Structures are given as C-alpha cells and as structure tokens.
Amino acid sequence: MGGVSRPRALEAHSESDLPMQRPHRALRPAAVHCSSQPARPLVSVLTPTRLLPQRIDFLQQLHTDLCASEVDWEWIVAVDGEHDRRVPPALLADERVHSFQIGQPVGTASARNLALGMARGVYVTSADDDDHLPIGSLECRLTAAAANGVGWVAGRLAHLRDGEVVVYASPVPAGPSPAGSVWRAWACPCLDFPIGPTTMLIEAGLLRSVGGWQGLPQAEDLGMVLAVTGRAAGMMLDQVVYTYRAHPEQMTTQVGFADLEPLVRHITYERGRLLSAASWTGQPTSWPVQRTMVRLEVDHVDAHETNKDLNRSDEPARQL
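Mapped onto our numbering, the consecutive letters of the sequence shown carry residue numbers 1 to 320.
Be aware that one or more of the hints could be misleading.
Claimed, not checked - Here are the in silico distance ranges between beta carbons for each label pair: (1) R231 to D162: 37 to 43 Å; (2) E95 to D192: 38 to 44 Å; (3) G211 to H247: 28 to 34 Å; (4) R231 to C190: 23 to 29 Å; (5) L191 to R85: 34 to 40 Å; (6) R50 to E95: 20 to 26 Å; (7) R231 to Q54: 36 to 42 Å; (8) S276 to C190: 14 to 20 Å; (9) P173 to A147: 17 to 23 Å.
Calculated directly from the structure, the hints in this document are not laboratory data. On a predicted model such as this, the values are computed, not experimentally measured, just so you know. Cβ coordinates follow ideal geometry from the N, Cα and C atoms, glycine included.
Please put together the full structure from these sequences, using the hints given.
As structure tokens, this is what we get:
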C-alpha cells in the first residue's frame, strides 16, 4: 500500500470474525439498461502496480474481491515501469479490467493520475495491489454518496497481520463531514492521519478538479484527501470498507521511507492549512520551511574554485 502512517488501533478481531469472502462469480458482459431505467453509476477502481512476484497473488485476490461486488465497476490497472512481468491472464480475460503499461517508472502518484485520466466512472476509488476490499465495500459507499448528495464517502480502515484484523479509530465521527473537517481533525503532522485515503469513494469531477494525487514520492494520498475534503462536504461511515495487509514488501518498510516522512507530512499539513482558508486573499504567504526535517547529501563545489580543477573528487559533502 502507499506510504501512509496508520491511525491508532481501536480493536482487534480474528480473521475468522470477518464475513466470509464470496466465491468468484462467473464473468458476465456489462448490463444493458433500458431507456426507462437509468444506468447505475459506474465506479472506477484505480490500482498502480509494478507486478512484483510477491504481490501477484494479492492482485488476483483483489480481482476476486471486485467480482464479488454488486455495483457496476471498472478496474484501471496502471503498470509502473517497463519490465518483462505481465498482468495475470485471469485479469486480462475480464472486460471490466483495463491495464496499461507506463514506459518509465513514474511512482505511485503519477501512475494513479494517469489511471484517473482513463477512468470513465462517475465515482473513483483507489486500491493498492496488496490489499483487500471487504464484502459490500463499494456498495455501502456508493449508496451513501447517492443518498446524501456528497462529493466523497469514506469508511473505516482495518489492518490484517498474521491472521489478526485490527480496526482503527478515527477522530472524524461517523455521519456528515463538512468541508475542511478532516484537516481540522489532524492536529499535527506528527500524528496519525484522520482517515484512510484508500477508504474514500470520490466523485470523479471533484477529484480531477483538485489535481488528483499530490506529486510526492510518498504521502501522495494524504494531500489528495486534504484537497478533496477541503473543497467538498462528505460522509464518514462506521463500517470497515478497506483492509490493508502487513508484509515485508510494503512501501513503509523500505529503506529511506522514514527519512522522507517528516518532510512530506509537513508539506501535506501546510497544504491542508492553506486549503482551509476559504479563498486566496491575494496577500503574500510565507512557507514555514524546516530544513532539518530531511538530510540530503549533495556534491558541493565552492563558487570561487569553479575556474580551477572541477574534476577533483575530494570536495566535501554539505548537509542541508
């Protein structure tokens, strides 16, 4: 899953306490709707993937999850980077699955945004290639969005580790959520983010209007959430709609992730603060830079030495 620090745990359940997964049902062509019956809203599910071997089984399980859904959906699978790995045949055989390969590695944010450009759905949600959609996940969110006329609907997030499911608390209460309430619930960038970004179902036009996912190497989904929830009112459900898996190949466990996390969270938090202002005032705004948040090594060449030997290899590194 994307680089998100998870909210604190509220309660734990055995995996057996969860509803049984529905069996994979036979694929069928898209329903034909009579003119007297309006078509049900199409939901676009976006998944960036590098098709890593250790994630293929999870990706196929996610397809099974989608096939258990009773809503009309399409799945946009964005393969990040040029390599020899291929989308599993079972996915390619499903006409609702649309995959495309990006010729160069662009990262999660860009891959999601490219997938968004291909989405035909009225509503959009994202799902990572190693996670799980519980039964009724799309249905309950779509029903709430249609019934309440809101721009987004989110639910509760669960964490699956070694067969145990932990459901996380959220400072955002169940029910209507006014614009800006998610950022106001995030008291400090050092604290857990109020809601799970992948729990959100968003009206496609709203998501596009805020530019989709933030252009950062991680925490890109936090910026998206703050932009969407800062612009439009939504609804928070007291129901688990998304489960992420803990495993050794998660992005959050990779080398270098922790080094960047303070800076990207600071950037995201400040974006939310600026978005919380109703409109641009026209007055210059300073950016509270904190350069000690991340340490980057760069090659340093003294400006006075530029006409001397620039090929020297003994120049010191400067810590920013």
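These are the hints, each one checked on the structure:
1. For the pair R231 and D162, the beta carbons lie near 39 Å from each other, so the given range of 37 to 43 Å is met.
2. E95 and D192 have their C-beta atoms about 40 Å apart, which keeps the hinted 38 to 44 Å range intact.
3. Hint check: G211 to H247, Cβ distance near 31 Å, so the stated range 28 to 34 Å holds.
4. In this structure the hint that R231 and C190 lie 23 to 29 Å apart at CB holds, the actual value being about 25 Å.
5. Taken as a hint, the range 34 to 40 Å holds for the pair L191 and R85, whose Cβ atoms sit roughly 37 Å apart.
6. With their beta carbons about 24 Å apart, R50 and E95 fall inside the hinted range of 20 to 26 Å.
7. At roughly 37 Å, the beta-carbon separation of R231 and Q54 lies within the given 36 to 42 Å, and the hint holds.
8. Distance hint check: the CB atoms of S276 and C190 are about 18 Å apart, consistent with the given range 14 to 20 Å.
9. Separated by about 18 Å at the C-beta atoms, P173 and A147 satisfy the suggested range of 17 to 23 Å.
The structure agrees with every numbered hint stated previously.
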